[in-house]
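**Student:** Protein chains in written order, with the numbering used here: chain A, 1 to 174; chain B, 1 to 174; chain C, 1 to 501; chain D, 1 to 501.
Among these hints, one or two may not hold up.
Listed below are the simulated DSS-like cross-link pairs for lysine-lysine, each with C-alpha atoms no more than 25 Å apart in a straight line [claimed, not checked]:
{"hint": "1", "chain 1": "B", "residue 1": "K174", "chain 2": "A", "residue 2": "K158"}
{"hint": "2", "chain 1": "D", "residue 1": "K287", "chain 2": "B", "residue 2": "K158"}
{"hint": "3", "chain 1": "A", "residue 1": "K104", "chain 2": "A", "residue 2": "K35"}
{"hint": "4", "chain 1": "B", "residue 1": "K76", "chain 2": "D", "residue 2": "K287"}
{"hint": "5", "chain 1": "D", "residue 1": "K256", "chain 2": "D", "residue 2": "K287"}
{"hint": "6", "chain 1": "A", "residue 1": "K152", "chain 2": "B", "residue 2": "K152"}
{"hint": "7", "chain 1": "A", "residue 1": "K174", "chain 2": "B", "residue 2": "K158"}
{"hint": "8", "chain 1": "C", "residue 1": "K477", "chain 2": "A", "residue 2": "K35"}
{"hint": "9", "chain 1": "A", "residue 1": "K104", "chain 2": "A", "residue 2": "K2"}
{"hint": "10", "chain 1": "C", "residue 1": "K256", "chain 2": "C", "residue 2": "K287"}
{"hint": "11", "chain 1": "A", "residue 1": "K158", "chain 2": "C", "residue 2": "K477"}
{"hint": "12", "chain 1": "A", "residue 1": "K104", "chain 2": "B", "residue 2": "K158"}
{"hint": "13", "chain 1": "A", "residue 1": "K104", "chain 2": "A", "residue 2": "K158"}
{"hint": "14", "chain 1": "A", "residue 1": "K76", "chain 2": "C", "residue 2": "K477"}
{"hint": "15", "chain 1": "A", "residue 1": "K76", "chain 2": "A", "residue 2": "K152"}
{"hint": "16", "chain 1": "B", "residue 1": "K104", "chain 2": "B", "residue 2": "K35"}
{"hint": "17", "chain 1": "B", "residue 1": "K104", "chain 2": "B", "residue 2": "K2"}
{"hint": "18", "chain 1": "D", "residue 1": "K287", "chain 2": "A", "residue 2": "K158"}
{"hint": "19", "chain 1": "C", "residue 1": "K256", "chain 2": "A", "residue 2": "K2"}
By construction, these hints were calculated from the structure, which means they are not laboratory data. All figures in this text were calculated on a predicted structure; none of them were measured in a lab.
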Amino acid sequence: MKLWAILGEGERRRELDLEVQVEGGRLFLESGGEKIAADVVALPDGESYSLLVDGRSYEVAIEEGADGLRVTLGGKTFAAQVRSPLEKVLREVRHVAPAEAGWKLLAPMPGLVVAVKVVPGDPVTAGTPILIMEAMKMQNELSAEAAGVVEKVHVGPKQSVEAGQTLVTVGPAK
Amino acid sequence: MKLWAILGEGERRRELDLEVQVEGGRLFLESGGEKIAADVVALPDGESYSLLVDGRSYEVAIEEGADGLRVTLGGKTFAAQVRSPLEKVLREVRHVAPAEAGWKLLAPMPGLVVAVKVVPGDPVTAGTPILIMEAMKMQNELSAEAAGVVEKVHVGPKQSVEAGQTLVTVGPAK
Amino acid sequence: MAASARSFRRVLVANRGEIAVRVIRTLRDLGMTSIAVYSEADRAALHVLLADEAYPVGPAAASQSYLDVERLLEAARVSRAEAVHPGYGFLSENAGFAAACESAGLVFIGPPASAIRVMGNKLAARELARQVGAPLVPGSPGPVTSLDQARTEAERIGFPILLKAAAGGGGKGMRVLRDAAGLQAAFDLVRGEAKAAFGDDQVYVERYLEHPRHIEAQVLADTSGHVLFLGERECSVQRRHQKVLEETPSPALPAKVRAELGAAACKVAQAAGYRNAGTVEFIVDEKDRFYFLEMNTRLQVEHPVTEMVTGLDLVAEQIRIARGEPLGFDPQDAMPRGAAVECRVYAEDPRRGFLPATGTVARLRWPLGPGVRVDSGIYRGYTVPVHYDPILAKIVSWGRDREQALARMGRALDETILHGVTTNVGFHRWLVRHPVILAGRYDTRFLEEQFRPDVLEGDSDAERAALVAASLHEWQKSRSVALPRRRDGAAWKWAGIEEPR
Amino acid sequence: MAASARSFRRVLVANRGEIAVRVIRTLRDLGMTSIAVYSEADRAALHVLLADEAYPVGPAAASQSYLDVERLLEAARVSRAEAVHPGYGFLSENAGFAAACESAGLVFIGPPASAIRVMGNKLAARELARQVGAPLVPGSPGPVTSLDQARTEAERIGFPILLKAAAGGGGKGMRVLRDAAGLQAAFDLVRGEAKAAFGDDQVYVERYLEHPRHIEAQVLADTSGHVLFLGERECSVQRRHQKVLEETPSPALPAKVRAELGAAACKVAQAAGYRNAGTVEFIVDEKDRFYFLEMNTRLQVEHPVTEMVTGLDLVAEQIRIARGEPLGFDPQDAMPRGAAVECRVYAEDPRRGFLPATGTVARLRWPLGPGVRVDSGIYRGYTVPVHYDPILAKIVSWGRDREQALARMGRALDETILHGVTTNVGFHRWLVRHPVILAGRYDTRFLEEQFRPDVLEGDSDAERAALVAASLHEWQKSRSVALPRRRDGAAWKWAGIEEPR
């Protein structure tokens, strides 16, 4: 997965192109020739993570603000913005012309549908919340990947779904 | 509001009939001739409350379990079940005969609709989750007061509503 | 005084925040009933949760609650309180409040109103100090009532000068002037601040020392008026004239000077007819000459460092004295052991001129373990009100020597997790590892000379970890799933979803 | 030993939970690199979060991770560790592990393998104690290998007897028998337990004292073999043969006996060629006669009470000794001051026979303030694993005297908020206010004789408040609204909705 990051503020602001892979509990990050491998785990206490980078232990908290992320570790706070270049492209496409084809929202993992936030006929744009799923005791909001109009809702509240199952079919934007 | 409470377990189990009123930040409780007035406030840290009863300060935490509430204060834990006699009646009625008339789910306070969990035609029973509302930065689940069949959903996600506004109309159970 | 010294068990704490919590703890230790008061902004504050009882005293504005004598006395009446502990700040140095408590039949846990009154007036205090032979910084003989008089005195004393509110304290109502240019503006400003903060616009002028250290003596005067010196505290690390780090013993005070300073402090307290705990503040110059500054007639914010080395509970001693009891210890058993440091945790932004901050405590983990004490007024989920002092907590460390105390403080600060509110914890991490602090040779100009916001920037290792975490967070969000939290009967573990490629 | 004594800066902590956190704190204080190890169940454990570095050592089962010597040595190699601190439990008293560390070029922070070996065998330890003249409880001269032999020895010694695993400790692998009736079952059981827990099924028999106190001596042997006695700990409050509360000094030991006990402890340590910190355990009878029980060749769970009164950091001293350095203090400066108490916080249910509990920490607020130290291995959100010892934390209090230390402990326990996991915190609240504990006259039978689950029931005031809270909670739920949380720029306040009637 390619990401595009802005780290720091003011004079220390840097932009980076990242290649991120997450596999089997480990995160691999490549940027400008440098490779980082980290063992990562989400902590149950707020938006925080434990990272082990080359054995070094970091407890990192993340707060989402209007102007990006605030990343705190070891008492230092870093401003960071991490964006998907793909999402950026999609967002631009949306403003230029409707997507030519529809798409399907698939269940990313097994779980339980908690609530559906759209009905057939609703227009959506990238980022529109579509459905809330509960998995591993956590509620997750699934949102639209691209613009379109909801064609069909295949599932309802309290329904169990398998990973990869189609949840909502979205037609091209009108 | 009348409530019916079971306090304690085993030999110490007691049943009480309560009359509870909540007005302007104060809770009035009457049981067997005894009257208690308490200043009450919800703490932002979990399901916990600060009570001032005759000036005495109690920090109380409540955990919901399968067999009722676990109420912890001052290091002691009490088992408690508090039920509405009306709900009990309704629940019995439900099993005997359908409610004769429908009812409306009204917004208890101004807020924002987050998600609707039912669609017209859905049967509901007392306690069925119907809608999630956000108010005062808190999400609250509104559930059915009695059995019935959803007739009409008047609101949708992201819609602002006023206190008392009709959210969902429910017809008699079939 | 003698009239008020009597047994009591129900004590109203006329304060809020960490100091109210501090006093409540000792009341619990003594088996006494602790009675909190709270403004409308403080209904869910920690001191209300921890007290045995709690009563409202009015709106959020301090002037209508914690500073309102009538409301406090009414709360004392309703709660059947027998004594009042004022904490620090608010009405703690208000002679009228002390007197009103006594009139209402309440024991005031502090010095007699007469001692508060004389020390509350900087000029009377200086005069008293002069009489007992305590050295003084050159200054105006009385308050300067006009700009002209201020100018005349400033020229007589010689610049740089300090304009100070007579009733001031805690850094409020003071300005430094290096020449006569800004005198008018400063004079009006200090008078205005003094009026607003203390209801008294008297101002005086004194010589400003370029590289002073701020060292204070803790004293304890028993019911018979015998005054004990319990060691000094070095308080020279200040920003905006307010202390941020204090320690005992002072790392740079010769033993002979320490003894002289302690003796001078005791003499001042005795001359004022002092009872209970008090602090005599001195300025010390480059040649270790000390000058009497003022006496704080109350428990000091930084009293815990003295408690850590002496093993005393100063609040318990205050209560014993107020009850007319002898001190609870033999002075020989309270000889200082080791060294202690305190870091004040403020809701403020060191990157933006230490401006006060507010917010809700989203995540909180205080440091624990050997040699660490935390006095805190906050908890997770608590919203820091805008109405009061931005002090959130004090982290205190003790060591067999200063090196260990500072090392433990560094460790404690590293462990501290406090999110959701901007604080000076990161600033303290820098501070306690600064070579000048480690060497123990600093004065009140230290921060002004050494601190720049960019010293708080992270290193490249930390930046790398921040980047990993931010990427992980974004990866997870882009997948529209939370990073799964698997419970295998044990800890939380990431299941490791394959990323679709 | 001498070969291994050398400088190091990278220390692997071969343990988990509160003791790993405890050791990591001292490593940070000393500026050393702390290296944690973790099983699969512990990836998000507090010791992993607080360490400088962390490395995996295998599956959740201790036998495949924290007890697996090869995996630990591999982690040490990968992490370039130079020394290993074993904590308590796990491999801390395993002579083979100490020897394997030394063979791998790692400094083992503890006694030489030879001293562990001799003390790890109860019979060899008794023999050594006998040689230096330390009094012994009558017992079998060697392990009893058959039921017949056990019966013969039991009858010779006289009932009641104690069946003990030779390699045992911490209450595991022991049974009391009042007559010969249950001997066969007990013999098989203890052998089974011993085999499972220590891989060694040797068992011996000794006289069981009816009202013994359990008092232990902390010793510290420097690099030259000189042994210091750092005071005793009274550990007689036990449930299921495990300590729950410890204190120093013992409230009921005459000064003369204390000195004799300390001297005996030093002699035993010297005879074993001991180095580093160790604890010599004694049983003391009603007439203050003491008997050598065993020597624990490691840091003890309850070492913090000794640290509180002496001002020492025992882990730092362990490290100094392991580096071949002299002790970091003058014994004259470590004379005990005041009294200290420790309450072990276990995940267990005192209402149901102290059975271990598990769960996720839903809400956590540790006690803070003067005289309180907390050593904890948990944090909010942490799930207590089922795989390990149920100790979550230790709350330690200090006072100028025992009365103050106990009062502070009571206050600390009252302040403690730990929800989501059943713990013994409420039990400790009862314990530290029990008249027998307050009087300081208790023995190891105390809990058996005095504790009944119903002592933990609340009073009617608390019940009333519980009822109010439960009603409020239900009222709010029945309204399908959360109790509104209004933010008026300050604290959270309930807006007060009118209930429709």
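**Student:** Now look at each hint and say whether the structure bears it out.
**Tutor:** Status of the hints after comparison with the structure:
For the suggested pair B:K174 and A:K158, the alpha carbons sit about 22 Å apart, so the restraint of at most 25 Å is met. With a C-alpha separation of about 78 Å, the suggested pair D:K287 and B:K158 falls outside the 25 Å cut-off, and the hint is violated. With a C-alpha separation of about 34 Å, the suggested pair A:K104 and A:K35 falls outside the 25 Å cut-off, and the hint is violated. Using a Cα cut-off of 25 Å, the hinted pair B:K76 and D:K287 is violated, with the two alpha carbons roughly 38 Å apart.
Among the hinted pairs, D:K256 with D:K287 is consistent with the structure: their alpha-carbon atoms are about 13 Å apart, no more than 25 Å. For the hint linking A:K152 to B:K152, the alpha-carbon distance of about 20 Å falls within 25 Å, and the restraint holds. Pair hint A:K174 plus B:K158 holds up; C-alpha atoms about 22 Å apart against a cutoff of 25 Å. Using a Cα cut-off of 25 Å, the hinted pair C:K477 and A:K35 holds, with the two alpha carbons roughly 22 Å apart.
For the hint pairing A:K104 with A:K2, the CA-to-CA distance comes to about 22 Å; that is within 25 Å, so the pair holds. Using a Cα cut-off of 25 Å, the hinted pair C:K256 and C:K287 holds, with the two alpha carbons roughly 13 Å apart. Taken as a hint, the A:K158 and C:K477 pair is honoured in the structure, with Cα atoms around 23 Å apart against an allowance of 25 Å. For the given pair, A:K104 sits about 23 Å from B:K158 by alpha-carbon distance, which is consistent with the 25 Å threshold.
For the suggested pair A:K104 and A:K158, the alpha carbons sit about 20 Å apart, so the restraint of at most 25 Å is met. Restraint check for A:K76 and C:K477: the C-alpha separation of about 23 Å stays at or below 25 Å, so the hint holds. Taken as a hint, the A:K76 and A:K152 pair is broken in the structure, with Cα atoms around 47 Å apart against an allowance of 25 Å. Our distance criterion of 25 Å between C-alpha atoms is broken by B:K104 and B:K35, whose separation comes to about 34 Å.
Between B:K104 and B:K2 the CA atoms are separated by roughly 22 Å; this keeps the pair inside 25 Å, and the hint holds. At roughly 70 Å between alpha-carbon atoms, D:K287 and A:K158 are farther apart than 25 Å, so this suggested pair is violated. At most 25 Å may separate the alpha-carbon atoms for a hinted pair to count; C:K256 and A:K2 exceed this at roughly 68 Å.
The structure fails hints 2, 3, 4, 15, 16, 18 and 19 (numbered hints given earlier, in ascending order).
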